[in-house]
Amino acid sequence: MGLYMSIADENLQFICTEILRRIPFTTSVILHGSRATGEVKGEDDRDYDVFVVLKTPLSLFYVKRMKGIEAEARKRGFKLDLSVLPTFRLKYGRGDLSAYFIKATGVTVWGRDCLRNCDLGHLGETIDRSWIQYCIYVMRRLMWGYDPSTRRFDANGILKALIVCCRLIVLFVTGEYVVKPEDMLRIIQPYRVSNRLAFGDEALNLLEETINDGAGTNPPSSFQLEMKR
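Residue numbers for the sequence shown follow my numbering, so the first one is 34 and each next one is one higher.
No lab work stands behind these hints: they were computed from the structure.
Just so you know, not all the hints are guaranteed correct.
[To be verified] Here are the simulated PhoX-like cross-link-like pairs (lysine-lysine), alpha carbons at most 20 Å apart as the crow flies: (1) K112 - K100; (2) K124 - K136; (3) K88 - K100; (4) K136 - K213; (5) K124 - K88; (6) K213 - K193.
Since this is a predicted model, take the numbers as computed values, not measurements.
Using the sequences provided together with the hints, build the complete structure.
Structure (structure tokens):
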């Protein structure tokens, strides 16, 4: 089994080489997140988010080795987040938001393209299970923007969380993963005007306000939040 796609990125070449050298029985290597969806252009300091697809019984044996690869990446000057993706998560992942998210944003860079053939259905069919995962995911992103020392939220951090929130709403409703906020609003608009949107309208309204106030790059004044004592 060789490379599934031609890799021009030297850092990604290093990652694949080290995974195959240190982690036997790897089924696939999947790049996901902003580097896979094209949100990152040129030089960027964002992490390389990579999944190593393994059969479940093998995953615990290789966690230490994966940490070693992450350490080598830091020495080379880039950030790497390696995670195990058990094969059953894709095989039996219907209604699993995280599995759906991986499929929507992931690109197989080595091995068997398990993303193409996995059938995860539509999130709307299993909204109860997915909704809980969605709330946890957005709250986690929101707290990344909170500074305990000042008891304040960083406005840019909240804006990023809002974009993630709206991106997942669009993913829930339409099945499409959309990068640009303007495109999110355009794609979801028919659902909003026809009252077919079961949830998320307030978040989309706030995103629309943000785009109108600052072209989608600067948070509006309403984002200046502070935790109450």
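These are the hints, each one checked on the structure:
At roughly 12 Å between alpha-carbon atoms, K112 and K100 fall within 20 Å of each other, so this suggested pair holds. For the proposed pair K124 and K136, the alpha carbon gap of about 12 Å is at most 20 Å, so the pair holds. Between K88 and K100 the CA atoms are separated by roughly 19 Å; this keeps the pair inside 20 Å, and the hint holds. Distance hint between K136 and K213 is fulfilled; the C-alpha atoms sit about 18 Å from each other, no more than 20 Å.
This hinted pair checks out: K124 and K88 have alpha carbons roughly 11 Å apart, not beyond 20 Å. A distance of roughly 12 Å separates the Cα atoms of K213 and K193; the hinted pair therefore holds under the 20 Å criterion.
Checked against the numbered hints listed earlier, the structure breaks none of them; every hint is satisfied.
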